[in-house]
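Novice: Model the full assembly from the supplied sequences, consistent with the hints where possible.
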Amino acid sequence: MVARQSDPQHSDQERLLLLLPAMADANASSDAAEVVAAAVTAIGGSDLQDQVAVELLSANGRYWGVCAWTDSQGFRTCLGPHSNRHTGGGLSVPEHRPVADSFHRR
0 MVARQSDPQH
10 SDQERLLLLL
20 PAMADANASS
30 DAAEVVAAAV
40 TAIGGSDLQD
50 QVAVELLSAN
60 GRYWGVCAWT
70 DSQGFRTCLG
80 PHSNRHTGGG
90 LSVPEHRPVA
100 DSFHRR
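Using numbering that gives the first Met the number 0, you'd call the opening residue of the sequence shown number 0 and step up by one each time.
No wet-lab data here; the hints were simulated from the structure.
Values in this document were obtained by computation on a predicted structure and should not be read as measured data.
No residue lacks a Cβ here, since even glycine has one placed at the ideal position from N, Cα and C.
Careful: at least some of the hints might be erroneous.
[Claimed, not checked] Here are the in silico distance ranges between beta carbons for each label pair:
1) 53 / 75: 34 to 44 Å
2) 44 / 69: 32 to 42 Å
3) 69 / 42: 28 to 38 Å
4) 53 / 11: 13 to 23 Å
5) 58 / 78: 11 to 21 Å
6) 27 / 97: 22 to 32 Å
7) 20 / 43: 40 to 50 Å
Specialist: What follows is the structure in structure tokens.
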């Protein structure tokens, strides 16, 4: 997950909250709201964490609509037309592989 990549200036929780409105997708896990609420608490939120979590998780539609993902050719592929990582998008398979690997370490 991108939020867990090393960054000396921001914590995992700060990165998650900064990236979430732009990078959330339609396939959020069942505990996503709890994880986001915990991140809000970790950075100092003391009230309405659950409400903030729900708002952040639903904010992805503000940019380009809900994004769905699938497995294609051995890596995760975005089904949204806005992404050059979608099937038939701007990246060839050899170009796509390192990008996909950097976001989803196995």
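Novice: Now tell me, hint by hint, if it's right for this structure.
Specialist: For each hint, the structure was consulted:
no.: 1; hint: 53 / 75: 34 to 44 Å; verdict: violated (25 Å)
no.: 2; hint: 44 / 69: 32 to 42 Å; verdict: holds (34 Å)
no.: 3; hint: 69 / 42: 28 to 38 Å; verdict: holds (33 Å)
no.: 4; hint: 53 / 11: 13 to 23 Å; verdict: holds (20 Å)
no.: 5; hint: 58 / 78: 11 to 21 Å; verdict: holds (19 Å)
no.: 6; hint: 27 / 97: 22 to 32 Å; verdict: holds (26 Å)
no.: 7; hint: 20 / 43: 40 to 50 Å; verdict: violated (19 Å)
Going down the numbered hints, you'll see the structure goes against 1 and 7, while the others check out.
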